[in-house]
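Each chain is listed here by its residues.
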Amino acid sequence: MNIPRYLGVFAVLVVGTILTYYAATVDLDFIFPGANTLVALLIAFTKMTCVMLFFMHVYWSPRLIWLSAVASFFWLAIMFAYTMQDYLTRDIGVFMQ
Amino acid sequence: MTADYSGTQKLNYLNNGFTLKSWLLTKDHKRIAIMYLITISLFFLAGGIFAATIRLEMLTPASDLLQTGTYNKVFTAHGILMIFFFLIPSIPAVLGNFLLPIMIGAKDLALPRINLLSLYIYWIGGLFTVWALLQGGVDTGWTFYTPYSTTFSNTYVMAVGLGIFINGFSSILTGLNFIVTVHTMRAPGMTWFRLPLFVWAQYATSLVMILGTPVIAITVLLLAIERFAQVGIFDPAIGGDPILFQHMFWFYSHPAVYIMVLPGMGVISELISNFSRKKIFGYEFIAFSSIAIAVFGFLVWGHHMFVSGQSIYAGLVFSFLTMVVAVPSAIKMFNWTATLYKGSISFDTPMLYGLGFMGLFLIGGLTGLFLGAMGLVVHLTDTYFVVAHFHYVMVGGQVVAYLGGIHYWWPKMTGKMYSEFWGKISAMLVFIGFNLTFFPQFILGYLGMPRRYASYPEEMQVLNIFSSAGASVLGVGMIMPLIYLGHSLIYGKPAGDNPWLLPGLEWRTSSPPPTENFEVMPVVTWEAYEFGEDSGLDLEAARAREAAKV
Ligand SMILES: [Cu+2]
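Respectively, the protein sequence lines represent chains U and L.
The numbering of the first sequence is this note's numbering, which starts it at 1 and goes up by one.
The numbering of the second sequence is this note's numbering, which starts it at 1001 and goes up by one.
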């Protein structure tokens, strides 16, 4: 990968940062409560994917590296999912009582 | 150091350079392992002194030896030193570092400089933590629960946290190194299913280290951000949630239990099979149960939070998964037992530790099921029952396995044989002292004695005296190896290359091994733990040969 392409990725990251800032100034709660967080996370996720694929060379790496990269996201998903199963069911009470 | 027949000393990793520089800048995994061994022993001693202080205080119902605030700091220091600086690095960084490359027929780990770096990070993290403890310590318990740790505690929370944060990178690098090594450095013929089970266990442990440790680092970082910048993450007063801390903390710290005990299980697989002189029963099952423990160990952390305010539905799921994760551990226990069946068992010191592990880990594991049951745990949470349970797993399991492994591989590491007599005595003292210390704590916990208090009701004193008395026996049993192993370094008989007559690759090189581990690159043509007729490893025949020579 050559320097202009790296700069291209860098530009994507800068645009992402500006977008994050802009999105934070608009109240998106009219879509659903917490939509702002979701948008911010989506942008962050895209930026992070760019960093991993290009700056960290995962894109050009053998399958085993891909597997370990994907596995770490799978583990992150486990952490989020099992934590959320607590938060999302906490207010239901004990067997709907 | 073994002398060969011409009387000159054979070059090995120990006499290949004597300067300080040749140690501090070494890339030899064996020298790094020895430096880890020395440091880890010092931390074990420090943690042990805190443990002794705790047991002294608990001798009487009143808080008379220590003030209550000091007592909090003492048990916190005990937990932090033992968990982060002894239990987690012990088997991987000492025995794993020394033996993993030899057991797979490699010259070194795949990333020797990274290996040295991980040692230095461990030193820096350790020194930093010790400094913070000397400055005044921390009183939150090793768990750092919020909001106490972020808002109320006026002790050195962040300094100790930073020490643990730094130290975490040491275990990440060690794990990474082991994984790369097992993938890329195996000798010709060393297929995955010929790997010794110790290597499988190290591999599974490394997966947990890599996937889990970054989370504790981030958690400590978030703690710092909240403490310094008042960003609401864990403190409800500024919009955070204290239970989120427990989720993140235990996402690492439950798997960390497996970082501690999985390598121990690997050592036990070696001991049970080799000292029964029999191919291990169910090799594949034991290998894959390590991987299963590593994976499922990540899905059960909520069992530490049953009474924290966590949703009862989450509790149900975590309770069920906790029962599930007991299955692979049970698979190992059954396979070890089946290996013993009709084996030709010899009761050498390492095997005594191995058998001790089986008894103690059984009790530790089964009482874990009590604590995974959502109803019973309401009564048992934060009592001495929990303390007894995890000491049965951590000390009865991991420390006993570590000591067994040290005795087993000592002749290989040093080239010297220790006193078998004193070895057996110490193994038995550890077993007896351990049970005397911690079994009464199950009863105390069941009776409702809470952990982490300096005082307790008078009717509980008798059991506490038993426990403290046991601790002193345990202490003697643990100090003894220090003496006779040290003694063996100078006065020990030369061990020879294969003192136990075993088939593993580590027994096919000299003791102590040369710097490059093998004089010629080994080619593996045998399965693990092969004690066949033609293996030349018949103990009876060897004894007969020995007798004929005399
Ligand atoms: Cu747990």
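Any given hint might turn out to be false.
Okay, the calculated bits of chain L under chain U, using three or more residues with CB under 8 Å as the criterion [what the hints assert, rightly or not]:
id	segment
1	1181-1191
2	1308-1316
3	1513-1521
Residues of chain L placed beyond 12 Å of chain U at every Cβ, according to the derived structure [unchecked claim]:
id	residue
4	Ile1166
5	Leu1207
6	Leu1211
7	Ser1344
8	Gly1448
Calculated from the model, a selection of chain L residues having no Cβ within reach of chain U, i.e. all distances over 12 Å [what the hints assert, rightly or not]:
id	residue
9	Ile1210
10	Phe1228
11	Gly1343
12	Asn1435
13	Ile1465
These are calculated hints, taken from the structure and not from any lab test.
Glycine included, every Cβ here is placed at the ideal spot set by N, Cα and C.
These are the hints, each one checked on the structure:
| no. | hint | verdict |
| --- | --- | --- |
| 1 | 1181-1191 | violated (count 1) |
| 2 | 1308-1316 | holds (count 6) |
| 3 | 1513-1521 | violated (count 0) |
| 4 | Ile1166 | holds (21 Å) |
| 5 | Leu1207 | violated (9 Å) |
| 6 | Leu1211 | violated (5 Å) |
| 7 | Ser1344 | holds (41 Å) |
| 8 | Gly1448 | holds (24 Å) |
| 9 | Ile1210 | violated (8 Å) |
| 10 | Phe1228 | holds (22 Å) |
| 11 | Gly1343 | holds (38 Å) |
| 12 | Asn1435 | holds (36 Å) |
| 13 | Ile1465 | holds (42 Å) |
When the structure is compared with the earlier hints, violations turn up for hints 1, 3, 5, 6 and 9 and for no others.
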